[in-house]
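Based on the provided sequences and hints, a complete structural model is requested.
Chains as they are written, first to last, in this note's numbering: chain A, 329 to 581; chain B, 329 to 581.
Do not rely on the hints blindly, as some may be mistaken.
In this list, chains with the same sequence are indistinguishable; a pair is considered to hold if it fits within one copy or across any two.
[To be verified] Restricting the straight-line Cα-Cα distance to at most 27 Å, the calculated cross-link-like pairs of lysine-lysine (DSS-like) are:
1) K478 - K512
2) K346 - K375
3) K385 - K459
4) K512 - K448
5) K520 - K346
6) K549 - K346
7) K512 - K552
8) K552 - K478
These aren't lab readings, by the way, just hints derived from the structure by calculation.
2 protein chains.
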Amino acid sequence: MISVTLLGAGNLAMHLYKAFSESDAIIVNQWYNRSLDKISSYKNEVKTIDRLDKLNKADIYILAISDDSIDEISSALPFDNRLVVHTSGSVSIHHLDKKHIRGVFYPLQTFTKDADVNFKEVPICIEALDKNSYTTLKTLGDAMGCTTYKISTEQRQTLHLSAVYVNNFVNQLYRIAHEISDAKSINFDILKPLILETARKVQTMSPYMAQTGPAKRNDKKTIKRHLKLIENQEHKAIYELLTKSIKKTHGQR
Amino acid sequence: MISVTLLGAGNLAMHLYKAFSESDAIIVNQWYNRSLDKISSYKNEVKTIDRLDKLNKADIYILAISDDSIDEISSALPFDNRLVVHTSGSVSIHHLDKKHIRGVFYPLQTFTKDADVNFKEVPICIEALDKNSYTTLKTLGDAMGCTTYKISTEQRQTLHLSAVYVNNFVNQLYRIAHEISDAKSINFDILKPLILETARKVQTMSPYMAQTGPAKRNDKKTIKRHLKLIENQEHKAIYELLTKSIKKTHGQR
Numbered sequence: 329m330i331s332v333t334l335l336g337a338g339n340l341a342m343h344l345y346k347a348f349s350e351s352d353a354i355i356v357n358q359w360y361n362r363s364l365d366k367i368s369s370y371k372n373e374v375k376t377i378d379r380l381d382k383l384n385k386a387d388i389y390i391l392a393i394s395d396d397s398i399d400e401i402s403s404a405l406p407f408d409n410r411l412v413v414h415t416s417g418s419v420s421i422h423h424l425d426k427k428h429i430r431g432v433f434y435p436l437q438t439f440t441k442d443a444d445v446n447f448k449e450v451p452i453c454i455e456a457l458d459k460n461s462y463t464t465l466k467t468l469g470d471a472m473g474c475t476t477y478k479i480s481t482e483q484r485q486t487l488h489l490s491a492v493y494v495n496n497f498v499n500q501l502y503r504i505a506h507e508i509s510d511a512k513s514i515n516f517d518i519l520k521p522l523i524l525e526t527a528r529k530v531q532t533m534s535p536y537m538a539q540t541g542p543a544k545r546n547d548k549k550t551i552k553r554h555l556k557l558i559e560n561q562e563h564k565a566i567y568e569l570l571t572k573s574i575k576k577t578h579g580q581r
Numbered sequence: 329m330i331s332v333t334l335l336g337a338g339n340l341a342m343h344l345y346k347a348f349s350e351s352d353a354i355i356v357n358q359w360y361n362r363s364l365d366k367i368s369s370y371k372n373e374v375k376t377i378d379r380l381d382k383l384n385k386a387d388i389y390i391l392a393i394s395d396d397s398i399d400e401i402s403s404a405l406p407f408d409n410r411l412v413v414h415t416s417g418s419v420s421i422h423h424l425d426k427k428h429i430r431g432v433f434y435p436l437q438t439f440t441k442d443a444d445v446n447f448k449e450v451p452i453c454i455e456a457l458d459k460n461s462y463t464t465l466k467t468l469g470d471a472m473g474c475t476t477y478k479i480s481t482e483q484r485q486t487l488h489l490s491a492v493y494v495n496n497f498v499n500q501l502y503r504i505a506h507e508i509s510d511a512k513s514i515n516f517d518i519l520k521p522l523i524l525e526t527a528r529k530v531q532t533m534s535p536y537m538a539q540t541g542p543a544k545r546n547d548k549k550t551i552k553r554h555l556k557l558i559e560n561q562e563h564k565a566i567y568e569l570l571t572k573s574i575k576k577t578h579g580q581r
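Here it is in structure tokens:
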């Protein structure tokens, strides 16, 4: 049995609590948040606290808090030499106060308040400064049913950057398609199966192999017709830049 | 029972044949291809032909051929006044020889040779010049278990353009993330669940509502750190342009 104390009450903290409480091998010792309001509905199943001086012993302290608070909260913890981890994709492990045994437990997924996430499908990126901490964190990830990866600080920061491309930027392309089709009274539902299939395809095939379309074929006629169709200058610039990028990847010019 | 004659042997033709043959309400009358080789493995279940003068009567003739051949093949068909449709997202209905009753039957999905597609999840965009043809084509789509949409030429061309954003361009962002993570020896598998969840999210939520990340929050510190991390100038230009686009969409500056 592994005992964890959770700190924070944002989307990630909520999803982590749910994943912890569903595992027989994990016990949530205490749940801290500055304000008890947000976690009060859990007070019958877990000890909720709003003061750091009430924290007692646990195997791992998990800071599921905003990037900017990691420094401050980790310093304010009234103990030392215990395993304290943050969950951020971009903050260095060294932002944790060095009085602690430090680690990072970064679940690479997008979390939305009301959307259910199956944590078993979430990859956990683990960083630790010694072997024992790594093993403890891996045990925690395993107990959640997750696939875990040993990741360095540099790799984690690169993953965070890559995630911006495949999540935020991809989502913005969905948004642009939504705008373009809305302008012609087209139901966005028509595009949803294609969106899903495009994501499914690269689960088993490299993005390089999965590519199709006018840019890859260097189909100048279609590209020209598309550019004429686009009214928004920013959408046009994105079309041109990504077409150029695909052509370059696939050796067209 | 609705009878169709299929022309062509590319990815789409293959998937269409499979979907037709799985429906009790559809009979594939003949399957034409310039070369019999590609469809010879089906000769025991369907009449395969390689000469247009062997075509006999069917309710619908479906041209699942390359965009550039639609003009020529539709003119070469040795009959008139029958329902002939093409399956292209970008070719005008008027490229079909006007001796035919003309239509478009455009399945909006990405088709790969070896990847199985559940046609019931494929939206079919139907265009016709008269009500009877529309009804016949809708009956065909319904018999395949598909959702069908009545779409004008202009709407279809806009859909084709939108599909480039959500398929080709999105896939190129996957490719860039693959390059960026490969360069730091990061397993691309770590990003796959995020890719899938990003696509799943917009099945029930608008892309506008689904957006998260540093650009939306206008988190200048993270954006700056990311830009420092990107070595490839083209990847950087894409990061900057899409960040600008997200900021604009979400009222940041």
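Ascending list of hint numbers which this structure does not respect: Violated hint: only 6; rest satisfied.
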